[in-house]
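Student: Take the sequences, apply the hints, and build the full model.
4 protein chains.
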Amino acid sequence: MKAIQLGDLALFQSSDHKTYLQPLVAGESLQTHRGIVAYDDLVGIPWGSKIRSHMGTTFTVNKPTIRDVLLQIRRSSQIIYPKDLGYILLRLNAGPGKTIAEAGTGSGALTMALAWAVGSAGKVISYDRREDMQTLARRNLEKIGMADRVEFRQKDLGEGLGKDPLDAFFLDVPNAHHYITKIRPMLPSGIPFGAILPTTNQVSALIQVLQAENFTNIDVCEIMLRFYKTNPARIRPMDRMVAHTGYLLFAAPMPLENSEADNLDLT
Amino acid sequence: MKAIQLGDLALFQSSDHKTYLQPLVAGESLQTHRGIVAYDDLVGIPWGSKIRSHMGTTFTVNKPTIRDVLLQIRRSSQIIYPKDLGYILLRLNAGPGKTIAEAGTGSGALTMALAWAVGSAGKVISYDRREDMQTLARRNLEKIGMADRVEFRQKDLGEGLGKDPLDAFFLDVPNAHHYITKIRPMLPSGIPFGAILPTTNQVSALIQVLQAENFTNIDVCEIMLRFYKTNPARIRPMDRMVAHTGYLLFAAPMPLENSEADNLDLT
Amino acid sequence: MKAIQLGDLALFQSSDHKTYLQPLVAGESLQTHRGIVAYDDLVGIPWGSKIRSHMGTTFTVNKPTIRDVLLQIRRSSQIIYPKDLGYILLRLNAGPGKTIAEAGTGSGALTMALAWAVGSAGKVISYDRREDMQTLARRNLEKIGMADRVEFRQKDLGEGLGKDPLDAFFLDVPNAHHYITKIRPMLPSGIPFGAILPTTNQVSALIQVLQAENFTNIDVCEIMLRFYKTNPARIRPMDRMVAHTGYLLFAAPMPLENSEADNLDLT
Amino acid sequence: MKAIQLGDLALFQSSDHKTYLQPLVAGESLQTHRGIVAYDDLVGIPWGSKIRSHMGTTFTVNKPTIRDVLLQIRRSSQIIYPKDLGYILLRLNAGPGKTIAEAGTGSGALTMALAWAVGSAGKVISYDRREDMQTLARRNLEKIGMADRVEFRQKDLGEGLGKDPLDAFFLDVPNAHHYITKIRPMLPSGIPFGAILPTTNQVSALIQVLQAENFTNIDVCEIMLRFYKTNPARIRPMDRMVAHTGYLLFAAPMPLENSEADNLDLT
Numbered sequence: 112m113k114a115i116q117l118g119d120l121a122l123f124q125s126s127d128h129k130t131y132l133q134p135l136v137a138g139e140s141l142q143t144h145r146g147i148v149a150y151d152d153l154v155g156i157p158w159g160s161k162i163r164s165h166m167g168t169t170f171t172v173n174k175p176t177i178r179d180v181l182l183q184i185r186r187s188s189q190i191i192y193p194k195d196l197g198y199i200l201l202r203l204n205a206g207p208g209k210t211i212a213e214a215g216t217g218s219g220a221l222t223m224a225l226a227w228a229v230g231s232a233g234k235v236i237s238y239d240r241r242e243d244m245q246t247l248a249r250r251n252l253e254k255i256g257m258a259d260r261v262e263f264r265q266k267d268l269g270e271g272l273g274k275d276p277l278d279a280f281f282l283d284v285p286n287a288h289h290y291i292t293k294i295r296p297m298l299p300s301g302i303p304f305g306a307i308l309p310t311t312n313q314v315s316a317l318i319q320v321l322q323a324e325n326f327t328n329i330d331v332c333e334i335m336l337r338f339y340k341t342n343p344a345r346i347r348p349m350d351r352m353v354a355h356t357g358y359l360l361f362a363a364p365m366p367l368e369n370s371e372a373d374n375l376d377l378t
Numbered sequence: 112m113k114a115i116q117l118g119d120l121a122l123f124q125s126s127d128h129k130t131y132l133q134p135l136v137a138g139e140s141l142q143t144h145r146g147i148v149a150y151d152d153l154v155g156i157p158w159g160s161k162i163r164s165h166m167g168t169t170f171t172v173n174k175p176t177i178r179d180v181l182l183q184i185r186r187s188s189q190i191i192y193p194k195d196l197g198y199i200l201l202r203l204n205a206g207p208g209k210t211i212a213e214a215g216t217g218s219g220a221l222t223m224a225l226a227w228a229v230g231s232a233g234k235v236i237s238y239d240r241r242e243d244m245q246t247l248a249r250r251n252l253e254k255i256g257m258a259d260r261v262e263f264r265q266k267d268l269g270e271g272l273g274k275d276p277l278d279a280f281f282l283d284v285p286n287a288h289h290y291i292t293k294i295r296p297m298l299p300s301g302i303p304f305g306a307i308l309p310t311t312n313q314v315s316a317l318i319q320v321l322q323a324e325n326f327t328n329i330d331v332c333e334i335m336l337r338f339y340k341t342n343p344a345r346i347r348p349m350d351r352m353v354a355h356t357g358y359l360l361f362a363a364p365m366p367l368e369n370s371e372a373d374n375l376d377l378t
Numbered sequence: 112m113k114a115i116q117l118g119d120l121a122l123f124q125s126s127d128h129k130t131y132l133q134p135l136v137a138g139e140s141l142q143t144h145r146g147i148v149a150y151d152d153l154v155g156i157p158w159g160s161k162i163r164s165h166m167g168t169t170f171t172v173n174k175p176t177i178r179d180v181l182l183q184i185r186r187s188s189q190i191i192y193p194k195d196l197g198y199i200l201l202r203l204n205a206g207p208g209k210t211i212a213e214a215g216t217g218s219g220a221l222t223m224a225l226a227w228a229v230g231s232a233g234k235v236i237s238y239d240r241r242e243d244m245q246t247l248a249r250r251n252l253e254k255i256g257m258a259d260r261v262e263f264r265q266k267d268l269g270e271g272l273g274k275d276p277l278d279a280f281f282l283d284v285p286n287a288h289h290y291i292t293k294i295r296p297m298l299p300s301g302i303p304f305g306a307i308l309p310t311t312n313q314v315s316a317l318i319q320v321l322q323a324e325n326f327t328n329i330d331v332c333e334i335m336l337r338f339y340k341t342n343p344a345r346i347r348p349m350d351r352m353v354a355h356t357g358y359l360l361f362a363a364p365m366p367l368e369n370s371e372a373d374n375l376d377l378t
Numbered sequence: 112m113k114a115i116q117l118g119d120l121a122l123f124q125s126s127d128h129k130t131y132l133q134p135l136v137a138g139e140s141l142q143t144h145r146g147i148v149a150y151d152d153l154v155g156i157p158w159g160s161k162i163r164s165h166m167g168t169t170f171t172v173n174k175p176t177i178r179d180v181l182l183q184i185r186r187s188s189q190i191i192y193p194k195d196l197g198y199i200l201l202r203l204n205a206g207p208g209k210t211i212a213e214a215g216t217g218s219g220a221l222t223m224a225l226a227w228a229v230g231s232a233g234k235v236i237s238y239d240r241r242e243d244m245q246t247l248a249r250r251n252l253e254k255i256g257m258a259d260r261v262e263f264r265q266k267d268l269g270e271g272l273g274k275d276p277l278d279a280f281f282l283d284v285p286n287a288h289h290y291i292t293k294i295r296p297m298l299p300s301g302i303p304f305g306a307i308l309p310t311t312n313q314v315s316a317l318i319q320v321l322q323a324e325n326f327t328n329i330d331v332c333e334i335m336l337r338f339y340k341t342n343p344a345r346i347r348p349m350d351r352m353v354a355h356t357g358y359l360l361f362a363a364p365m366p367l368e369n370s371e372a373d374n375l376d377l378t
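Protein chains in written order, with the working numbering: chain S, 112 to 378; chain E, 112 to 378; chain Y, 112 to 378; chain P, 112 to 378.
Don't read these hints as lab results, they were simulated from the structure.
All values reported here derive from a predicted model rather than from experimental measurement.
A few of these clues could be false.
Which copy is meant is left open, because identical chains are indistinguishable; a pair holds if it fits in one copy or across any two.
To be verified - Okay, derived cross-link-like pairs now, BS3-like style, lysine-lysine, Cα gap no bigger than 25 Å in a straight line:
#1 K266 <-> K174
#2 K254 <-> K293
#3 K174 <-> K274
#4 K209 <-> K254
#5 K113 <-> K209
#6 K113 <-> K274
#7 K254 <-> K274
#8 K293 <-> K161
#9 K340 <-> K254
#10 K113 <-> K340
#11 K161 <-> K274
#12 K174 <-> K129
#13 K266 <-> K129
#14 K293 <-> K129
#15 K266 <-> K161
#16 K113 <-> K266
#17 K174 <-> K254
Tutor: This is the structure in structure tokens:
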């Protein structure tokens with residue numbers, strides 16, 4: 112890895128585990144009550160270095176991973192967390208070159224994860240009816256230089272989706288079950304469909320609609336992530352943890368007029 | 112998505128949730144005690160279709176996601192599961208174009224996940240001292256057409272690593288702590304380092320060595336995945352679940368001779 | 112503890128963790144495919160001893176705890192498990208001398224736990240409409256000599272409860288929410304009320320009725336119990352675990368005609 | 112249940128879930144920033160009532176369960192929580208009339224749970240080398256009128272235990288493994304032995320000593336308790352939960368000189 116340069120995004124972590132994600136702008140500096148670090152002084156230092164602020168506090172400076180970025184984004188709504196995002200990417204098959212649509216945009220955590228995963232050859236289409244959310248998400252994407260991979264569409268899901276050759280679709284909106292019938296015709300058959308739902312009532316409501324709308328392979332799960340203390344003589348979980356972020360649901364839409372396929376005798 | 116074609120990889124799922132991952136070879140067929148399905152008959156049918164075997168059993172036919180593939184690979188050792196793999200990819204920043212090394216290869220589940228995530232512009236370097244494991248992993252990769260993204264190196268970690276411009280490194284070997292000192296000089300400073308460890312004793316041992324070898328930002332966690340039954344009138348978790356696969360550890364190697372960096376007064 | 116005597120209940124555990132709960136009847140013996148142990152031969156041996164069957168298999172012989180008994184009872188229905196029972200006892204305040212009612216009896220696991228906890232000075236009232244269940248539960252209680260602490264009432268909850276000076280009430284019936292309005296008048300105000308529910312739909316339905324029927328302090332939780340392997344050099348959870356038994360709900364009925372209390376200005 | 116009387120212990124819960132455990136002393140009152148409630152005004156009101164402070168805030172007044180009491184005790188050390196206590200009682204077979212010893216006393220949470228469970232016919236022996244802890248625990252027990260069931264022994268475990276006809280023994284001290292060899296001779300064979308341990312390192316160390324000291328049926332587990340929000344239209348877990356309190360270990364000491372028993376051919 113090349114050494115630190117101006118223009119890079121850097122993750123500072125203090126010895127008491129406080130983190131700061133900052134673009135290294137010439138002439139600017141990290142300003143915390145743990146002291147100041149001038150970015151110009153970091154140029155040429157290897158990533159991973161331990162540095163000292165003018166107050167003597169030490170920080171490590173690392174090149175942020177996509178996970179680091181996701182945990183630090185500006186948000187004005189609940190975001191999807193890395194524990195769920197990693198699994199969602201695998202379930203949506205969101206690899207390089209794919210075209211994935213999501214609704215809604217929210218603060219853009221999933222948008223960023225998808226843009227990162229599909230790469231410069233892929234594409235993310237992000238629906239939200241709120242302009243302010245998409246403005247925020249776009250800014251978050253610009254910080255990591257991936258805004259050009261995302262097409263924002265300010266649109267209410269109740270009006271349906273555009274016609275796109277989607278490889279997967281993800282739903283993260285309140286009352287997801289209200290929109291299935293409307294968006295169903297625009298979902299290519301057999302693509303991975305996913306959703307995140309905060310309550311069991313919504314899980315129940317969404318499953319009902321999906322069954323009625325001919326989705327198969329419906330799968331519901333939740334992911335719990337527990338961190339451990341890292342004193343090697345005292346291995347044990349942290350005292351507290353996040354107990355719930357959301358239920359994940361995955362399914363696949365069957366062909367809509369598949370009566371022929373359905374009745375084929377394939378012997 | 113294009114319709115089903117010969118040469119595709121297909122995931123068949125029976126109504127009782129039994130799944131079969133098969134390449135659609137001309138003239139061949141899916142043969143189960145739930146009946147036979149001739150692949151030639153599937154050509155042109157849309158993905159997601161429900162088909163019927165000669166015995167009348169219905170199957171859905173879907174284009175497998177990377178997660179589907181990972182759950183179905185041939186294995187001769189414990190594999191890393193999707194719940195852990197998705198999170199590992201985010202923590203290693205294993206996106207398109209990256210170069211990632213892992214040891215050991217094992218049955219190749221992580222190798223495949225990495226190859227999928229880094230894309231055709233990326234590269235995976237996979238170390239294992241056992242030739243049979245690498246042969247198995249290579250075959251698994253060939254099935255998904257990604258073998259060319261992986262460089263297998265049959266080598267004991269005790270001999271160290273090659274010198275490569277790595278973006279991340281992952282360790283999945285028995286007694287991981289035995290190898291850190293040896294491989295440490297080949298790890299670029301600041302890159303994401305990860306490991307999966309079956310026991311708390313190994314977590315403790317690895318943390319001790321990492322601390323001695325100047326790794327920072329050490330983080331340990333475990334991920335629990337719980338599936339739910341999908342009867343919308345009876346939402347509840349499945350009766351049983353996987354209780355443990357492994358502990359995940361992440362860290363970052365500091366520059367080795369960073370005394371200067373360490374002592375810089377960066378005001 | 113006195114040594115083993117005929118008439119005692121004994122828990123045999125083989126070296127491969129298979130357990131047998133047996134009353135030590137004169138002239139009889141433990142008969143397993145791991146060998147035979149004549150009970151007469153055990154008399155006078157200290158509890159906790161390791162013995163050997165005629166086939167050479169070793170067994171430990173322990174005085175069973177109430178938990179051991181509960182795991183081994185004959186059942187013809189889903190039982191409540193010790194992980195939940197222990198917590199239920201604390202939440203119901205089911206200590207020595209108390210009078211606790213439950214519905215339904217089922218196979219009697221909770222009945223036994225309650226009878227054990229309230230002691231010979233306490234009383235358990237157990238409702239079930241099925242005679243066969245109560246016959247089974249009574250036999251289970253007779254084995255531990257506590258049948259006299261339980262009054263079985265073969266009655267449908269839809270007919271309400273008897274008028275008893277209850278200290279707590281527990282509900283373990285399908286569709287618990289159907290019965291609240293009927294039994295509400297027989298529940299002394301302020302007593303601990305508990306229920307176990309298999310699905311989130313039933314949790315939702317029960318909360319709605321409880322709120323309408325003036326219950327307060329409604330509390331819902333679930334308990335997960337994870338066992339560990341006990342090789343001291345390889346501490347880690349077992350591979351699999353029970354993912355779900357039921358959701359626990361607790362509440363307290365307010366006085367029914369408490370308009371006066373409600374409006375008192377208690378300054 | 113009789114109506115509220117002076118001298119009772121009462122649990123006040125405000126509508127925003129803040130709880131207060133108070134003895135109802137004549138002439139005194141509950142004083143919170145949510146308002147004042149004079150205890151004399153509560154006399155004769157039914158338990159479970161909703162009352163109003165002089166500021167208009169409503170409180171429910173309930174007879175506390177042993178679980179309510181345990182969550183509210185004065186503490187100067189980490190206590191064992193109800194989720195663990197309920198299970199411990201079942202595993203120790205700590206029912207009415209039993210004699211149970213514990214070390215150390217700590218703030219007395221387990222002491223109280225044991226005293227409650229063994230009843231007035233039972234006995235708890237509680238060891239701790241610190242006088243201040245035992246003074247605190249005694250006061251906590253006096254508040255629930257159960258101090259006479261407990262014999263406090265201010266003694267270092269390194270000196271061993273007294274000789275008592277124990278029915279069970281529980282260990283909750285730092286470095287539990289240091290004391291096993293010393294206390295082993297005073298443990299009647301076959302009694303339930305339990306311990307709570309904060310770290311996996313201590314679990315490992317204790318198992319090693321227990322194996323060396325001829326304990327059998329060693330069992331290790333952890334209990335996770337997750338609360339749910341109780342809006343019936345939005346059933347979901349709380350946002351955060353306790354991730355760890357301790358690992359529970361249970362075992363049974365074999366007879367010390369059981370070579371005869373061990374070698375008996377019991378056919």
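Student: Taking the hints in turn, state whether each one holds.
Tutor: Results for each hint:
no. : hint          : verdict
1   : K266 <-> K174 : neither (36 Å within a copy, 30 Å between copies)
2   : K254 <-> K293 : neither (34 Å within a copy, 37 Å between copies)
3   : K174 <-> K274 : between (38 Å within a copy, 20 Å between copies)
4   : K209 <-> K254 : both (22 Å within a copy, 20 Å between copies)
5   : K113 <-> K209 : between (29 Å within a copy, 14 Å between copies)
6   : K113 <-> K274 : between (42 Å within a copy, 15 Å between copies)
7   : K254 <-> K274 : neither (29 Å within a copy, 32 Å between copies)
8   : K293 <-> K161 : between (54 Å within a copy, 22 Å between copies)
9   : K340 <-> K254 : neither (32 Å within a copy, 37 Å between copies)
10  : K113 <-> K340 : neither (32 Å within a copy, 45 Å between copies)
11  : K161 <-> K274 : between (51 Å within a copy, 24 Å between copies)
12  : K174 <-> K129 : within (16 Å within a copy, 43 Å between copies)
13  : K266 <-> K129 : neither (38 Å within a copy, 39 Å between copies)
14  : K293 <-> K129 : neither (45 Å within a copy, 31 Å between copies)
15  : K266 <-> K161 : neither (46 Å within a copy, 33 Å between copies)
16  : K113 <-> K266 : neither (42 Å within a copy, 27 Å between copies)
17  : K174 <-> K254 : within (14 Å within a copy, 34 Å between copies)
Hint violations for this structure: numbers 1, 2, 7, 9, 10, 13, 14, 15, 16, all remaining hints satisfied.
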